[in-house]
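Top to bottom, those sequences are chains X and C. Okay, so the first sequence: first residue is 1 according to this note's numbering, each after it adds one. Okay, so the second sequence: first residue is 1 according to this note's numbering, each after it adds one.
Just so you know, the hints here were simulated from the structure itself, not pulled from any lab data. Note that the Cβ used here is the ideal one computed from N, Cα and C, for glycine as well. There's no promise every hint is true.
Partial selection, computed: residues in chain C whose CB lies under 8 Å from chain X [claimed, not checked]:
| hint | residue |
| --- | --- |
| 1 | Phe-50 |
| 2 | Phe-51 |
| 3 | Lys-83 |
| 4 | Lys-159 |
| 5 | Phe-160 |
| 6 | Lys-237 |
| 7 | Tyr-243 |
| 8 | Gly-244 |
| 9 | Ile-248 |
| 10 | Val-250 |
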Amino acid sequence: MYLYLPVALTSINILIPVGLGLAVGLLSGLFGVGGGFLLTPLLIMFGIPSTVAAATDSNQIVAASTSGTYAHWKVGNVDFKMGLYLLVGGFVGGILGVQLIKLLHAMGNADFVIKITYILMLGIVGVYMFIESLQSMRKKKNNVEEAKEEKESAVGRFLKSLPLQTHFEKSGITHSVFVPIVLGAFVGILAAIMGVGGGFLMVPIMVYMLRMPMHVVVGTSLFQILFTCIEVTFLQAYTNHSVDFILAVLLLLGSTVGAQIGASFGKKLKAEQLKILLATIVLAVTVKIVFEITLTPSLLLSQVGGH
Amino acid sequence: MNIKFNIQNSIFKIAIFLIFEFLILNFEFAAPAAAMLTAKANHDHITIDFFYHGSTVSVRGISDPGTDLVIKITSPEGHQLLKKKGKVGGMLWMNVGQLKFENTPNFYEIFSTKKIEDILSTEEMDKNVIGFPALAKHVEITPVANEEEKAKWFDEFVKFKEDSKVYTSSSGNITFSKNAEGKQEYYILTEWPYQAQPGDYLVTVYAVKDHKVVEQATSNVNVAQIGMVKSLAGMAKDTPAVYGFLSIGVALSAGFGVSMVFRKGGGSH
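Based on the provided sequences and hints, a complete structural model is requested.
This is the structure:
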């Protein structure tokens, strides 16, 4: 059955957005990512204009992350305090990132910077997570735990020397308030440049730099993504008129259910298994983008807007 | 004197009559197709509702048996801004700027009885903007360095539009029959793509003889959104703040709603 999308000005088989929503919602509930880096290119592939795809994706992430946050909150896996500090940082970073992208557009090499940032960030994050998860899986097998403490002490000493130290009960860690704010800003800048929510960057930062437990990371990341996407959806609807309400409803029909299933399934997986799965997906997307920019495209023209 | 005048007067009248008769007969024989060609798009008002997935449009009319036909369906001309891809550093495909295509319709379809190059001269095709080569000359593309580059990007433009199903050119798909009055009737049924945006479209039928357009007739097709589709599209443009809040509100409610369903079902525990 086909439905006409009033803003995208195209018709789509309803099974496509519902199915895509379900798959991306599953990843969202499982790993704490919004899934924009996967869903937006898929929607474009199915004929949705790029501006509408990106904006509507933010809209559906609001639903998926509400569903996912709620599911994780019910089992006590959301660190609201940490989430709020990251949000403050992300908000400031977003403003800086938007100014930076304006500057890059004016210089005429925005697309090059965006693509290279994408590949580098996804590649580094994917490879690091993959290797680290493999190592920790092996170490657990051998019951060797001392390496983790050694790593922590190197970065930890610097972090502990920073002012305004505060304890995050839910995560069981102590940091200066500046740490999540600065890291949130860093992700905010990159997210604005890359035009994504930044969940796949935020998750590794929370795991490796803030040293939060993986299951709390997923819930907290979703909480932070929820607010970021509310802001992005409103701005896209208000300034670009590019949110397609009907497409968003079709996507969220799948993604809200997917997020619940993902959150439920995630509890059955170990932290290392979750990390290695996310790392694999991130690396697969990196390879896809590398192919995309090295193989000759079938069309050399595209609509203005989006990537 | 009086008789001479009358004779002269009669000769004058006969001469005038003969001249008029010659002109009328000459006009009738010289342009037999004139006022013969008609065009009517049967499905001239296409409505877009939630279940719209394209439509069909048929064009029919009377034509002279001695002529070929070209049917052109276009949207009004305007300018289109598109991103162009190019190689950066000799190996990476990136968006390297934008191109402005002026004097271009968003929608351009050509149907003909035979290949248009075989039935029309280049001058006639250019004059009536019939076919992609003629459209290429009509379009202005900026910025391009030279004609070669313009031709390359026009080809890419047609490929892009064909991919979106809004540009097409084909021949041999117009059928003919005799109507009750013994006149030749032409007919074509075309798929109307759902990608064609709401708006007014012009159907022009050209009668072609001796590589020239000898007559043309026009009809219109209007595509319009109706009901909820129209309301939502209008709301997104006219009251974007309300539309934004509505989109967020529905997403939040759906997220909570599904959570409640799963909670009751025990899915999250």
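Going through the hints against the structure:
Interface restraint check for C/Phe-50: the shortest CB-CB distance to chain X comes to about 6 Å, inside 8 Å, so the restraint holds. With 8 Å as the threshold, the beta carbon of C/Phe-51 comes within range of chain X, its nearest partner Cβ sitting at about 7 Å, so the hint holds. Hint status for C/Lys-83: holds, given a least beta-carbon distance of 5 Å to chain X, under 8 Å. For C/Lys-159, the interface hint holds, since its Cβ comes within 8 Å of a Cβ in chain X; the closest pair sits about 6 Å apart.
A hinted interface residue such as C/Phe-160 counts as satisfied when its beta carbon comes closer than 8 Å to some beta carbon of chain X; here the least separation is about 4 Å, so the hint holds. Proximity of C/Lys-237 to chain X holds as hinted, the smallest CB-CB distance being about 5 Å (cut-off 8 Å). At its closest, the beta carbon of C/Tyr-243 sits 5 Å from a beta carbon of chain X; the interface hint therefore holds under the 8 Å criterion. For C/Gly-244, the interface hint holds, since its Cβ comes within 8 Å of a Cβ in chain X; the closest pair sits about 3 Å apart.
Annotation: C/Ile-248 was flagged as interfacial toward chain X, and the flag holds, the nearest CB pair being 6 Å apart, inside 8 Å. This hint holds: C/Val-250 has a C-beta 7 Å from the nearest C-beta of chain X, less than the 8 Å allowed.
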